[in-house]
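For reference, the chains in residue letters:
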Amino acid sequence: NAGVTQTPKFRVLKTGQSMTLLCAQDMNHEYMYWYRQDPGMGLRLIHYSVGEGTTAKGEVPDGYNVSRLKKQNFLLGLESAAPSQTSVYFCASSWTSGGDIQYFGAGTRLSVL
Amino acid sequence: AQSVTQLGSHVSVSEGALVLLRCNYSSSVPPYLFWYVQYPNQGLQLLLKYTTGATLVKGINGFEAEFKKSETSFHLTKPSAHMSDAAEYFCAVRPPEGMNNDMRFGAGTRLTVKP
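So the protein lines, in turn, are chains A and B.
Each residue of the first sequence is one higher than the one before, counting from 1 in the numbering used here.
Each residue of the second sequence is one higher than the one before, counting from 1 in the numbering used here.
Honestly, I wouldn't trust all of these hints.
Claimed, not checked - Incomplete in silico selection of chain A near chain B, CB under 10 Å:
1. Gly16
2. Gly42
3. Leu45
4. Arg109
5. Leu113
What the hints assert, rightly or not - Partial list, derived from the structure: chain A residues whose beta carbon lies under 8 Å from chain B:
6. Pro61
7. Trp95
8. Gly99
It is worth saying that the hints were derived from the structure and are not from the lab.
For every residue, glycine included, the Cβ atom is placed at its ideal position computed from N, Cα and C.
Can you build the whole structure from these sequences, using the hints too?
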């Protein structure tokens with residue numbers, strides 16, 4: 001049982017390049033999330049999805065887009081990467097909202113030069 | 001809007017000593033509260049959570065936390081630290097169902113355990 005899998009694990013981009021981060025979960029969860037983790041700031045929610053075909057903005061959505069075409073996958077896109085997007089990105093999933101546990105992937109470390 | 005404050009970005013204890021990691025929150029309604037742990041180069045794992053009921057919550061690896069509504073606190077404790085407890089710990093708050101789904105995390109506390 002893989003849980004939440006993120007690809008790639010590491011990536012280096014030049015300013016202005018684009019890329020897509022993939023998150024896949026095998027727990028049949030309805031809810032999926034993308035967070036970024038920066039030193040001294042904890043995790044901040046970028047976008048989330050409450051079901052296949054739905055997405056919503058979180059706390060820091062600017063510069064990112066997401067898609068949830070299949071229930072098990074949640075994609076995070078950077079159309080034109082900026083150095084401020086250098087961070088560690090985590091995907092998570094859960095059955096529901098509220099008090100439900102979120103299960104996290106191992107993270108993607110992104111550097112934008 | 002809800003927020004979380006973790007007092008102390010770094011805490012150092014000796015092996016066998018008490019661990020106390022502090023978390024205070026602000027929320028307009030009683031929220032759900034969580035503690036997550038992150039080991040190096042890994043994602044976050046749930047330690048424990050408070051939703052309703054008993055205010056003293058027991059989690060994995062001997063950790064527990066007490067929800068104190070009057071103090072808006074959810075401090076994490078462990079009676080006796082072990083070397084394997086060295087990690088970063090995050091407190092998080094989330095509103096009840098029916099409100100927005102944002103989980104808000106504290107900035108984290110890095111726990112060091114000295115032999």
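Per-residue hint verdict: Gly99 of chain A, partner chain B, C-beta under 8 Å: holds, 4 Å
Satisfaction of the Trp95 of chain A interface hint, Cβ to chain B closer than 8 Å: With Cβ-Cβ at 12 Å, over 8 Å, it is violated.
Let me know if the C-beta of Gly42 of chain A comes in closer than 10 Å to any C-beta of chain B, holds or violated. holds, 4 Å
Hey, does the Pro61 of chain A contact hint survive, CB to chain B under 8 Å? violated, 11 Å
Given hint Leu113 of chain A near chain B, where the shortest CB pair must fall under 10 Å: violated, 22 Å
Let's test the interface hint: is any C-beta of chain B closer than 10 Å to that of Leu45 of chain A? Check passed: Cβ of Leu45 of chain A comes within 5 Å of chain B, closer than 10 Å.
The hint names Gly16 of chain A as touching chain B; please verify it with the least Cβ-Cβ distance against 10 Å. violated, 29 Å
So, as I understand it, the hint says Arg109 of chain A touches chain B; can you test that by seeing if any CB pair is closer than 10 Å? holds, 9 Å
In the structure shown, a violation is registered for the earlier hints numbered 1, 5, 6, 7, in ascending order.
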